[in-house]
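Chains B and C: place on chain A using the hints.
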Amino acid sequence: MPDPFQRAALATPPKLAHQIRGLSDRTIAWLFVAPTIFLLLAVNIFPLIWTIRLSLTNFRTNRPNNAVEWVGIENYRKILTNPDTWASLQATAHFLVWTITLQVLIGFSLAYLINKKFRSNDLWTTLIVLPMMLSPAVVGNFWTFLYQPQIGLFNYFIAFLTGADPASFSMIGEVALAPWAIIIVDTWMWTPFVMLICLAGLRSIPPSIYEAAECDRASKWRQFWTITLPMALPFLMLAVLFRGIENFKMFDLVVQLTGGGPGATTQLTSIDLKREAFEKWRTGYASAYAVILFVTVFGLASIYVKALNKVKDR
Amino acid sequence: MKNFLNGILHLRRGPWEMLATILIALGVFMLMQPFALILFTYSFLVTLIGTVMFIITSHFPE
Amino acid sequence: MSYSITEPSSRQKWIAGGLVIAYAILTLLPLAWIIATGFKTPADAIAYPPKVLFTPSLEGYVNLFTSRSRVTPEDLAALGPPTTWYDSIVRQYDMVITGASRYGERFLNSVIIGFGSTFLSVFLGTIAAYAFSRFKVPLKDDLLFFILSTRMMPPIAVAIPIFLMYRQLGLSDTHLGMILLYTAVNLSLSVWLLKGFIDEIPIEYEEAALIDGYTRFQAFYKVVLPQAATGIASTAIFCLIFAWNEYAFAVLLTSGTAQTAPPFIPTIIGAGGKDWPAVAAGATLFLLPIMVFTILLRKHLLRGITFGAVRK
Chain A
0 MPDPFQRAAL
10 ATPPKLAHQI
20 RGLSDRTIAW
30 LFVAPTIFLL
40 LAVNIFPLIW
50 TIRLSLTNFR
60 TNRPNNAVEW
70 VGIENYRKIL
80 TNPDTWASLQ
90 ATAHFLVWTI
100 TLQVLIGFSL
110 AYLINKKFRS
120 NDLWTTLIVL
130 PMMLSPAVVG
140 NFWTFLYQPQ
150 IGLFNYFIAF
160 LTGADPASFS
170 MIGEVALAPW
180 AIIIVDTWMW
190 TPFVMLICLA
200 GLRSIPPSIY
210 EAAECDRASK
220 WRQFWTITLP
230 MALPFLMLAV
240 LFRGIENFKM
250 FDLVVQLTGG
260 GPGATTQLTS
270 IDLKREAFEK
280 WRTGYASAYA
290 VILFVTVFGL
300 ASIYVKALNK
310 VKDR
Chain B
0 MKNFLNGILH
10 LRRGPWEMLA
20 TILIALGVFM
30 LMQPFALILF
40 TYSFLVTLIG
50 TVMFIITSHF
60 PE
Chain C
0 MSYSITEPSS
10 RQKWIAGGLV
20 IAYAILTLLP
30 LAWIIATGFK
40 TPADAIAYPP
50 KVLFTPSLEG
60 YVNLFTSRSR
70 VTPEDLAALG
80 PPTTWYDSIV
90 RQYDMVITGA
100 SRYGERFLNS
110 VIIGFGSTFL
120 SVFLGTIAAY
130 AFSRFKVPLK
140 DDLLFFILST
150 RMMPPIAVAI
160 PIFLMYRQLG
170 LSDTHLGMIL
180 LYTAVNLSLS
190 VWLLKGFIDE
200 IPIEYEEAAL
210 IDGYTRFQAF
220 YKVVLPQAAT
230 GIASTAIFCL
240 IFAWNEYAFA
250 VLLTSGTAQT
260 APPFIPTIIG
270 AGGKDWPAVA
280 AGATLFLLPI
290 MVFTILLRKH
300 LLRGITFGAV
310 RK
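Each protein sequence line maps, in turn, to chains A, B and C. Here numbering that gives the first Met the number 0 is used: position 294 in the first sequence is 293, and no number is missing along the way. Here numbering that gives the first Met the number 0 is used: position 18 in the second sequence is 17, and no number is missing along the way. Here numbering that gives the first Met the number 0 is used: position 209 in the third sequence is 208, and no number is missing along the way.
In case anyone wonders, no lab produced these hints; they're calculated from the structure. Be aware that a few hints might be false.
[Claimed, not checked] Distance condition first, Cα-Cα at most 30 Å in a straight line; then the derived DSBU-like pairs of lysine-lysine:
| no. | chain 1 | residue 1 | chain 2 | residue 2 |
| --- | --- | --- | --- | --- |
| 1 | A | Lys309 | B | Lys1 |
| 2 | A | Lys116 | C | Lys298 |
| 3 | A | Lys305 | C | Lys298 |
| 4 | A | Lys305 | C | Lys139 |
| 5 | A | Lys219 | A | Lys279 |
| 6 | A | Lys115 | C | Lys12 |
| 7 | A | Lys309 | C | Lys273 |
| 8 | A | Lys311 | B | Lys1 |
| 9 | A | Lys279 | A | Lys116 |
| 10 | C | Lys273 | A | Lys279 |
| 11 | C | Lys298 | A | Lys115 |
| 12 | C | Lys135 | C | Lys221 |
| 13 | A | Lys311 | C | Lys273 |
| 14 | C | Lys298 | A | Lys309 |
| 15 | C | Lys12 | A | Lys116 |
| 16 | A | Lys115 | A | Lys219 |
| 17 | A | Lys219 | B | Lys1 |
[Unchecked claim] Quick list of the computed label-pair ranges, beta carbon to beta carbon:
| no. | chain 1 | residue 1 | chain 2 | residue 2 | range |
| --- | --- | --- | --- | --- | --- |
| 18 | A | Gly71 | C | Arg310 | 44 to 52 Å |
| 19 | C | Arg166 | A | Gly258 | 21 to 29 Å |
| 20 | C | Val291 | B | Glu61 | 42 to 50 Å |
| 21 | C | Ile268 | A | Pro229 | 31 to 39 Å |
| 22 | A | Pro82 | B | Ile54 | 30 to 38 Å |
| 23 | A | Trp29 | C | Pro55 | 53 to 61 Å |
| 24 | C | Thr229 | B | Met17 | 35 to 43 Å |
| 25 | A | Asp121 | C | Val70 | 48 to 56 Å |
| 26 | C | Gly269 | B | His58 | 57 to 65 Å |
| 27 | C | Gly98 | A | Gly258 | 24 to 32 Å |
| 28 | A | Thr161 | C | Ser8 | 31 to 39 Å |
We treat Cβ as the ideally placed atom computed from N, Cα and C, and that holds for glycine.
Next comes chain A alone, as it looks inside the complex (with noise of 0.2 Å):
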């Protein structure tokens, strides 16, 4: 027989209840999230507003006694009319869209392949990506020895296919190779993202939509623009958005591999920045540089949650 206290809490609303015994709700849910929005503020946002306000002068940290002036918007003007600053863009554009391009091709097919439930393609699926999980810039430094000319392994591979001279091409010391040179390693390491998304796309789509189409005679032809294609496309939007924006920002692979040479010819935006606030120390000016990139940053952020929203109610 239940005592009276217990009738009347088992005849309260939950939501009551959980009020009337220790802390309210609200305040665990304040408890809870405070330190996380806290340490955000602190490493985050607080620097996020000092760069903007850094931004606007001319500091430069190598010499602290300078007075430090107001410069309005001359930084953002100085970077926007640059032509250096467009051309380091112009290569991140040349970087992301092959890098992108050759991912999703080859992630794609892979996702394909892999689909067909071979034996133990669980095994081989874990063992392709390996590589992705691995520090950039550890094995961007490895790469450059594999494509030393004549000892490296990339070299003598090629040489192998094509029967030139293993010594008479560097990948990353010649200004026509380097871009290459940084969208293979950039591949070869992250072709298994887009292939596992690409993966939890294909076997999102349900087996009957398939039969209904074996019914009604559809080619496989067919069938993979019809219903392949389409129905792994938001897993495929999801990856691209997600490696543009991570090789937008590229940094530990490239530097490792090629440090922005030849010349300029590699030197992304990341690497620019980098000359500019921490060997030139121009703060003023390359606090301006960041916002940019920030805004930029921010915004495609905003189309990928988006992205992701969409992909989550499937």
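This is chains B and C only, laid out in the frame that chain A set:
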């Protein structure tokens, strides 16, 4: 198209978000295109407008 | 198993399997080459044509962990015979071991900073994710988006103010500074991932516990935490991998005491140019744990790389 204009007029989320997305994409394209320096110069402004618009319009009712 | 008209034929499976395995072998070749190079002598490492078969040597590992200096043959003779196996390897090159290299310290830094930041971000992430999952938090969607967007920011751009701030606070090149920084970056991932995991735990369990007289806190750590254990573990590994691999912040904000391994490994050089076997040995030791973790994580990989949006 009519739905889209209707949505714009009635401050609905969908079409406005679409507009902001297009602006952001346009800004990013202008930032990285190899064709004209003038487009590069104004790219930041376009992206900024698009992003601010996205933040505001994502609070519009569905 | 029932017969399905959409099931690929066995020939299709063979072709698909063959192509995927060929790709896998090609893609793993660079990794195999790293491991192999670590066991080569410097001469073998730069041989032409590249040597696939070679006599294994621990020279790379000895060079990785020691610093050496060259001595004249007379001095070397005066030292007497080498006492240890690593001594004898070094003496072939008229060198003596003068002490330990910095690799051990850097590796240890990676461990301290990696585990420290992982613990903090998973702890903070779990409680925040619980709150986001179960309670009405004002501006929830905006907060979640804000948390996610912090992850997307270019590290170099973030590093400018952090660099100045850390200099003011005396946090530059300290373990604490790096732990806090990596925690902040990892928080977004851990909140998003864990929110997904906690969302999946039926709310009825907690309600039953609350009716049984548990407080919210008790319900949280006696009912929710055990249920979310797998999720928490895989989130932790993802956070650890990020902190382990991170390079940009490490190279800009640390130089000595708190430097982690990724900025250090590429700077390993030998007597005559780059000592590739030592670099490869350092890389192998550094990458192997992550390879193991990846295999452990394989069921949750997809979830981790899409902030929990795509499950299997």
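- Holds or violated: Lys309 (chain A) to Lys273 (chain C), with C-alpha atoms at most 30 Å apart: 49 Å, violated
- Restraint status (C-alpha distance of Lys135 (chain C) to Lys221 (chain C) at most 30 Å): Status holds; Cα separation ~22 Å.
- Message: Would the hint linking Lys12 (chain C) and Lys116 (chain A) be met if the CA-CA limit is 30 Å?
- Response: Satisfied, since the Cα-Cα distance of roughly 7 Å is no more than 30 Å.
- Task: Can you let me know if the beta-carbon spacing of Gly98 (chain C) and Gly258 (chain A) is within 24 to 32 Å?
- Result: Since Gly98 (chain C) and Gly258 (chain A) have Cβ atoms about 30 Å apart, the given range 24 to 32 Å holds.
- Query: Lys219 (chain A) and Lys279 (chain A): Cα distance at most 30 Å?
  - Reply: Measuring from Cα to Cα gives roughly 58 Å; hence the hint is violated.
- Does the alpha-carbon distance linking Lys298 (chain C) and Lys309 (chain A) stay inside the 30 Å limit? Answer holds: Lys298 (chain C) to Lys309 (chain A) is near 23 Å, not above 30 Å.
- Satisfaction of hint between Lys1 (chain B) and Lys219 (chain A), Cα-Cα up to 30 Å: Violated. Lys219 (chain A) to Lys1 (chain B) sits at ~37 Å, over the 30 Å cutoff.
- Lys309 (chain A) and Lys1 (chain B): Cα distance at most 30 Å? 24 Å, holds
- Message: 57 to 65 Å was suggested as the range; check whether the CB atoms of Gly269 (chain C) and His58 (chain B) agree with it.
- Response: 60 Å, holds
- Cβ-Cβ distance between Ile268 (chain C) and Pro229 (chain A): within 31 to 39 Å? 53 Å, violated
- Query: Holds or violated: are the alpha carbons of Lys116 (chain A) and Lys298 (chain C) at most 30 Å from each other?
  - Reply: Distance of about 16 Å is within 30 Å: holds.
- Task: With a cut-off of 30 Å on the C-alpha distance, tell me whether Lys311 (chain A) and Lys1 (chain B) pass.
- Result: 29 Å, holds
Hints 5, 7, 9, 13, 17, 21, counting from the list given before, are not met by this structure.
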